[in-house]
Amino acid sequence: QKEVEQDPGPLSVPEGAIVSLNCTYSNSAFQYFMWYRQYSRKGPELLMYTYSSGNKEDGRFTAQVDKSSKYISLFIRDSQPSDSATYLCAMMNSGYALNFGKGTSLLVTP
Amino acid sequence: EAQVTQNPRYLITVTGKKLTVTCSQNMNHEYMSWYRQDPGLGLRQIYYSMNVEVTDKGDVPEGYKVSRKEKRNFPLILESPSPNQTSLYFCASSQDGSLNTGELFFGEGSRLTVL
Chain A
5 QKEVEQDPGP LSVPEGAIVS LNCTYSNSAF QYFMWYRQYS RKGPELLMYT
55 YSSGNKEDGR FTAQVDKSSK YISLFIRDSQ PSDSATYLCA MMNSGYALNF
105 GKGTSLLVTP
Chain B
53 EAQVTQNPRY LITVTGKKLT VTCSQNMNHE YMSWYRQDPG LGLRQIYYSM
103 NVEVTDKGDV PEGYKVSRKE KRNFPLILES PSPNQTSLYF CASSQDGSLN
153 TGELFFGEGS RLTVL
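Residue numbers (this note's numbering), protein chains in the order written: chain A, 5 to 114; chain B, 53 to 167.
In short, the hints are calculated from the structure, not lab data.
Be aware that a few hints might be false.
Claimed, not checked - Here are the computed distance ranges between Cβ atoms for each label pair:
no.: 1; chain 1: B; residue 1: Asn-80; chain 2: A; residue 2: Ser-32; range: 34 to 40 Å
no.: 2; chain 1: A; residue 1: Glu-19; chain 2: B; residue 2: Asp-90; range: 40 to 46 Å
no.: 3; chain 1: B; residue 1: Val-106; chain 2: A; residue 2: Glu-19; range: 24 to 30 Å
no.: 4; chain 1: A; residue 1: Ser-16; chain 2: B; residue 2: Glu-105; range: 46 to 52 Å
no.: 5; chain 1: A; residue 1: Ser-44; chain 2: B; residue 2: Ser-119; range: 27 to 33 Å
Note that CB positions come from ideal geometry on N, CA and C, so glycine has one too.
Kindly generate the complete structure, drawing on both the sequences and the hints.
Below, the structure written as structure tokens:
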């Protein structure tokens, strides 16, 4: 079983919709959780970072971590066509390597 | 402008012909890493470096070499490329080796095709 599981999609939503992206993981030692966004033909860029459990909000984006369920989520409110990208979850315990999910492809249609 | 620069961005080569993909960062970052990204497999780490002269294997190091002689540069060397190394490669850097900031800065990628 891969340590980080992420549905690859694609996920297609109309502009203005609330988007929910999710990852599950198996390693209970993970304590640092991130979401990266990758536009086509570009490298990933950090979108959200959370340490341990709880919620974090940044504008239209909310990251949630539920360590008891080994489940993390990214919510995008009022989605825009510019949000169309691949979203990668990533996590680690401590140390020097991030464990990435495979990424979920999101398309927001006008 | 703070950035991670990779070259070449696109390369087609043949089996067995040695090649080097260069990576340079201008942010004085200690940590650098190479990933490959393949459809259905996601991002997988090849090698990483905590600092100058310190390198270590990631998840998929076979067939690759790296060196870190200077802080800003971290080249990826394919001594004898094979078709299964056809992939999209990303170099990344981070301020410190602990990655506790969570932020990796990625280059724009190098698409390599081995015939």
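These are the hints, each one checked on the structure:
1. B:Asn-80 / A:Ser-32: 34 to 40 Å: holds, 35 Å
2. A:Glu-19 / B:Asp-90: 40 to 46 Å: violated, 31 Å
3. B:Val-106 / A:Glu-19: 24 to 30 Å: violated, 47 Å
4. A:Ser-16 / B:Glu-105: 46 to 52 Å: At roughly 48 Å between Cβ atoms, Glu-105 (chain B) and Ser-16 (chain A) fall inside 46 to 52 Å, so the hint holds.
5. A:Ser-44 / B:Ser-119: 27 to 33 Å: Given a distance of about 31 Å, which is inside 27 to 33 Å, the answer is holds.
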